[in-house]
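Starting from the given sequences, assemble the full structure and let the hints guide the process.
My numbering applies: residue 884 is where the sequence shown begins, and numbers increase by one.
Do not rely on the hints blindly, as some may be mistaken.
Derived pair list, reagent style DSS-like, types lysine-lysine, alpha-carbon separation capped at 25 Å [what the hints assert, rightly or not]:
(1) K1343 / K1394
(2) K1003 / K1032
(3) K1022 / K1220
No lab work stands behind these hints: they were computed from the structure.
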Amino acid sequence: MLSENRKAIILFIFLPFLILAKDGEEKIFSFEDDTYHSTELSDLLENIRKNPFDINTVSQTDLEKLPWLSESDIEKVIIFRKKQKILNWKDFQKTGINEITISDLKPYFSFKKSSPLKIKQISRVEYQQQNEHLPSCLKYFQKSLFQIKKFNFGFISQKDQGETNPLDFYSYFVEYSPNNFLERIILGKYRLAFGQGILFSPKLGMSKSAEATSTPSKKFKPIKPYTSSYEIWELEGAASNIKMGKLNFIPFFSSTKLSANLDDDGKISSFNESGLHYDESKKDNVNEKLFGAAINYTFSNNILGFIYSQNEFEHPFQKPEWNNKYSAFGLNFLLNKNSFPTFGELAYADDKFAGIIGTKWGEDKLKQLLLFRYYEKNFPTWHGHSFSSQSRFDNEKGLYYGITFLPFRRAKVNFYFDIWKFPQTRYLEKMPTVGSEQFLQFELSSKTNNCRLTLKHRDKEKYKVVEDEGLIRDLEMTLLRIDWWQKISSIWLKTRCEVKTEYLKNEKIHKRGILTYEQLKWKTGKLELIAQITAYHSDVLHYMYENSVDGIMQNSILTGDGIYSFFLVKYRIFRNSEIQFKVSDEWFKKDKMRLYFQIVSNF
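And the structure:
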């Protein structure tokens, strides 16, 4: 076990080099959940940073992948570059896009054509001090991706702490993209995404973020190889995208193993979504088969889609409302795509209905989004991830309204409110419950300083135990956060102060907490150093997005009294190879140190 003195040496040896830069991704990926796995969007943005888009040739489809760009922003870029070539950021500002948005976009664009990457290799080892008693206490992860002409090959493997099988989880695929009538075909493990994600969508992601008018709507490729380290709900078999004029036909088949908890009668009570497999008898013990097809029809500025699938689990469910064999139908649409889009999806599965409809409107200064959803209780959400106020999106109806306001060139305001109701009983709440959330963020930037003010309030009914009495209680949560970036020469410093309160109205119980940190970043041609020291004094949970090695999207939970710090270094040893190291620790809590070491190669 590492001594406290040795921890201090590791943490402080690099302090003379402490450094940080404004990070637009935090606005997207900072949310209230304890996360580790990267999402498809975070992986996508990471890949673009490694190989930025050429602003003069990037397609509209690729521009739509960037969550900071609205439909009108994309139109501005396309129209402007038809008139003249964009040579630098001063030219880019002439498109009329807000300067804060441009600041967020800078890591993802270049002004010259870059060569596509043919090989990507990631090898990572992770050590957590609290798990050193386990028989195999290290966590291993590796990802190998290769491109040979029109073929893509991939193999991903992962072993968690305490697992002895080095291939406890793996994913593999072969993808062929001739780009003729057969747009692509995937053999192996893959994922599907249609419409707004009710029936099929990447399982990891967020519904709401500080980008109030872009994050709620889904924009994913219909089929994609499965490259995530999340160890459940991938599909395994074959899928293809066949293009016939304005029609895309997407057939798919999958037969894969899932890890489930079975009762004495062999019925499924729940699925193991943690990825930890200490008992081999409970691993891959349920087979899931599904097949179906989707049709997308594109005409003018509109897209209509239809989905059909047949799903079957090998074992019945313990819960009688869930059938282990059912059909699913879905209709999705995107109308008036490039200006004021209206989008939605309606689905019927296992004799239950789910639907979501939204619309965007507004021009340069003021953009607005209105979205309504209704999901019937026990609607099968196994492969979906639609907009919702909760991780499992069934048994909910709600209304979301978001605004992005650009009052002047260097200012940006995002606001949303969301109201919802759980019409039927859920978990411990044995009656219908309601909730609401309001969010406001104001950003102001200059050449050397940036400031961001965030205010969030949530009021919801929740089962809470107070003095040994469990009741549904009215719980209020309020968050006030101030972030300030300051540039000193080539160094960016970031300061945060956050106050959070929770209040049980009827019981008049008030809990509060404060968190503050100083973060610094310095980046040269080959070297990037990031360090952060966080102090907190709190009776509530604080969720903090933090920088990490590539492939990890981390939101940490901090509560109680303590000091938390991390140090991250990335060094390019060769032109296309980089070593990455991170150490984090809670100073006055036992066995909290984490170490990460990773080698990343891109050719």
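Results for each hint:
Of the pairs offered as hints, the one joining K1343 and K1394 holds, with about 16 Å between alpha carbons and a cut-off of 25 Å not exceeded. For the hint linking K1003 to K1032, the alpha-carbon distance of about 15 Å falls within 25 Å, and the restraint holds. Taking the CA atoms of K1022 and K1220, the gap is about 44 Å. The hint is violated against a cut of 25 Å.
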